[in-house]
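Got chain A sorted already, so can you dock chain B onto it with the hints?
There are 2 protein chains.
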Amino acid sequence: VNIPRKNFRSVFKWGDPNHEEILDSGIRRVLKEVFGLSDDCFSQPFLAGERQISLNKASALAAPAIAELREIVGPENVETDDFSRAYHAYGKTYFDVIRLRLGMVDTPPDVIVYPRSDQDIHQIMSWCSNNGVPLVPFGGHSSVTRGLECPHGGVSLDLTRHLNQVISVNETNSTVRVQAGIGGPRLEQYLNAFESGYTLGHFPQSFEHSTVGGWVVTRGAGQESTCYGKIEDMVRAIRLISPVGTITTKDYPAMSIGPDLNNMIMGSEGTFGVVTEVTLRIRAYRPQNVRYFSFIFPTFEQAIQTMRLAMQAEIGHPAMFRLSDPEETDFSFRIKGYDRKIDDRLLRLMGYHPRKRCLMYVTAKGDPDFSNLVERKISKLARQNGAFALGSKPVLTWLEQRFSSAYLRDPLMDAGIMVDTLETAVTWDNLINVWDHVRQTIKKRSPAVAMVHLSHIYETGANLYFTFLATMDRDNPIDDFLQFQASIIQSIQQHGGALSHHHGIGRMMAPWLEQELGPDALAALRALKKHFDPHNIMNPGGTLHLD
Amino acid sequence: VNIPRKNFRSVFKWGDPNHEEILDSGIRRVLKEVFGLSDDCFSQPFLAGERQISLNKASALAAPAIAELREIVGPENVETDDFSRAYHAYGKTYFDVIRLRLGMVDTPPDVIVYPRSDQDIHQIMSWCSNNGVPLVPFGGHSSVTRGLECPHGGVSLDLTRHLNQVISVNETNSTVRVQAGIGGPRLEQYLNAFESGYTLGHFPQSFEHSTVGGWVVTRGAGQESTCYGKIEDMVRAIRLISPVGTITTKDYPAMSIGPDLNNMIMGSEGTFGVVTEVTLRIRAYRPQNVRYFSFIFPTFEQAIQTMRLAMQAEIGHPAMFRLSDPEETDFSFRIKGYDRKIDDRLLRLMGYHPRKRCLMYVTAKGDPDFSNLVERKISKLARQNGAFALGSKPVLTWLEQRFSSAYLRDPLMDAGIMVDTLETAVTWDNLINVWDHVRQTIKKRSPAVAMVHLSHIYETGANLYFTFLATMDRDNPIDDFLQFQASIIQSIQQHGGALSHHHGIGRMMAPWLEQELGPDALAALRALKKHFDPHNIMNPGGTLHLD
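Protein sequences, first through last, are from chains A and B. Residue numbers for the first sequence, in the numbering used here: 4 to 550. Residue numbers for the second sequence, in the numbering used here: 4 to 550.
Pulled out of the complex, with its shape left as it was, chain A reads as follows (with noise of 0.2 angstroms):
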């Protein structure tokens, strides 16, 4: 990360600080007309963090224990100045945004430390555990549940620095077993860059930056997840390093063996050890037999429908299966300037109108026959479901800029714009029930935007994912927040969606885990969570709802 001012602004920033996103004319027109917003909204960044950083909470770890943990790593893999400190202090959700753009610094390290290998986390891990000092793994920093703050203080052991190389590929058995470090791009042009060529097919939002240690503790997918499948359908093995021992599985391709390990692994968030290593499936990359296709439907139910059918149909999955809803396509055809165009008017004219129309962008991979096939299927479903088929052009489009909607958030932001995501995962039975009262909370603060898209499509179900825009509260942004943001994850709770699909719970959807899980079933995690941690230094203060 090249991180070369050391303001509260280049913290936040999602990306490379030094570039600033902005947004064009057509979102400026949107958000004046959705909003009121007047021009110099967009001249005068709210809140833009420009100030340097300095702390006021010193670290709590004296100057001989920062010795010691200096003697296990090397004085250069130590860090306790106050950038570094609150780098390391929150992930990149929207509540830390606004705290970071306040100058708040609720919860840092207290030092950060860069491992180098499993013998160094061994020897911090014993000594965090003799000191009872906190220790809070940290990979890509762009978690959104709150997963990386230290309420504690403690050590922040980034293992992005040193422990993020590829150990070894197997190409007969299509794995690839690294280092939990790793980014996503290194991994993903390493295995693209073999002879062979190989893909992991795991694209989440934040794959710029963003580790396998993350996606795996997260439970984490990509937008290809409907081919490719989640982050822990590849995962083959793990090793976990805890207070208590290693626990290494082997990447057996399946097992009868007792409760499932990885399984058990996967999705704790740190507060069970650290993942050092994990072994994937791999695929092969072959970018000339995607298929690339797209339709706009008269009706969200009808998109739903052909979604569900093709899941269904036992014809082959699909790789990227995303569906818009009537808002988010009607947002997206606004800020392009289609509403204003011919074509719009020739898609109403075919009875394609806005509020009701969606868009659905689709690739087929894999053997070019299976592609084509999957591609034939769809498009035939999708005809009898009343679309109308775009081509291969939008897809394409929306797969140049795939990463770049994360962008946004600072330029909405410097326009008081409240932008943040919350998701679930569905059955299809109760998914329009889900969709339709989860978008009538969020429509109780008016004007708001509530866009909506599906992506991650299953045989018996769905994900819905709520892009949600508000004005912010001037005077109050942090409890004007969090009061709209509760009434949303409650909403999805009340009506029986799960608390996350892919992003994880973290100390932001704790509060709900007992009420989604039920009390005998938290006892379980708990249980095992005093076993693996039972000094509880494993990234303690309330992620997950452990502690």
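Don't take every hint at face value.
[Claimed, not checked] Computed list of lysine to aspartate or glutamate pairs in EDC-like fashion (alpha-carbon distance at most 16 angstroms, straight line):
(1) B:Lys-253 to A:Asp-432
(2) A:Lys-9 to A:Asp-19
(3) A:Lys-9 to A:Asp-84
(4) A:Lys-383 to B:Asp-372
(5) B:Lys-396 to B:Asp-432
(6) B:Lys-446 to B:Asp-423
(7) B:Lys-359 to B:Asp-372
(8) B:Lys-60 to B:Asp-84
(9) B:Lys-253 to A:Asp-523
(10) A:Lys-359 to A:Glu-330
(11) A:Lys-253 to B:Asp-346
(12) B:Lys-533 to A:Asp-432
(13) B:Lys-383 to A:Asp-370
(14) B:Lys-253 to A:Asp-372
(15) A:Lys-533 to B:Asp-523
(16) A:Lys-253 to B:Glu-519
(17) B:Lys-359 to B:Asp-342
(18) A:Lys-383 to B:Asp-370
(19) B:Lys-253 to A:Glu-517
(20) A:Lys-253 to B:Glu-517
(21) B:Lys-359 to B:Glu-330
(22) B:Lys-359 to B:Glu-304
(23) B:Lys-446 to B:Asp-370
(24) A:Lys-446 to A:Glu-331
(25) B:Lys-383 to A:Asp-372
(26) A:Lys-253 to B:Asp-523
(27) B:Lys-60 to B:Asp-109
Hint data in this document are derived by calculation from the structure and do not stem from the laboratory.
The following block gives chain B in isolation, referenced to the frame of chain A:
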């Protein structure tokens, strides 16, 4: 189950005790050739088990205790007679059968209770907790890992009498919710008979005599797992009643809500509590779309190569994907007398030689264009790897008798032939190594038959299923077998095969579990056990090496 005769044979017989399977002339011929048996061996059954059952172990529960149980479930749902106790003492592994043939019932429950509801189970579990009485869940009676034994007596909780119903089918979600005591045929027939026609697609060898609960707690796999997955891939939600509370997971299609509870319960083999309800994904039942095809390969290596490439080619997965190694291939040729026919001479002329050639059976299901594509692609790969296509007939013949081979154990043991199986999972790069070494271990006993097949195929590896036949030591059949079996298990473990792919661990594999998982992983499972079952009443006595 129809159990008219109250002798030992009616306990250990596979299936209907009134129907005696016979060894046809082909099998007899081969057995005579391999083991030098005389005709006498087939006329006078060895240890036929026709003695009436009487246990020399009285029930440890006094009359007032039994009366309390009768109070809970009704007197008709409590059994204490010797036959019922013997019937619930063992599963169906060779060790169980040989003990019953010898009239040994080492591990009978004191009482068998047939609960009518979750409420009954809660009450029985409380009663057991309060009285320190073991509680062992009992399903289809088909455990091959000594998972059902009651070494400390107590209650055998038989779910098959009452808790055997489909609760609901959700056609939108493609799921079925069942009580755990339902058996394979009842569930499958129920689903097939639906107007739209559904299938679970789970056909283990024990299909006719096993239950959903048993599949789930052992992580079972069926003959078509290559497309339908193992049972853990089908499960969406589970209810577990444990001594410290009840966990009811939700049927979301995917989630990111901490460690996965379904995967913590699956594989727990009755040691955490009783699984009472399961929600499973279902698929369309479309027998008219199935493609059946088969091949003979010149070598095992070329056949394995074909399977590996097919699974890694992203062409869609076949449903059944089954390969016999050279010895299993030759054995099946010989018992059918093919080795004496003209067809076989032709095959030899074409280069498919005994002791090298291998049979592969495949089915492809789903949409007709999908199953056609899978057949076409696999056929091409097979041809490229030297195979000769044998058409659909061998597969159809095999499917007709798909569940019958297990029945042969009874007449084989009557003839003094020991027959049992062990199974493992391996990555592709270790497959030949494990196959070769384990075969060598079996062949140290001479004469011995060592037949191997692959029947559960994955992108990163496959299972290996070993069937071994040898003559019994008529003077010391138990120790002789146990030593032989231990040497095979040890060989699997030593060469890097999984301790089990789908049979589970039970008490049989438990002594090898710590070596398999490592002490720190086993400690985590023990912590969970201690949490769920603080008084150690759930299936105690060594299952999963947890106590």
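- Task: Please flag the earlier hints that this structure goes against, numbers listed from lowest up.
- Result: 5, 7, 11, 12, 14 and 23
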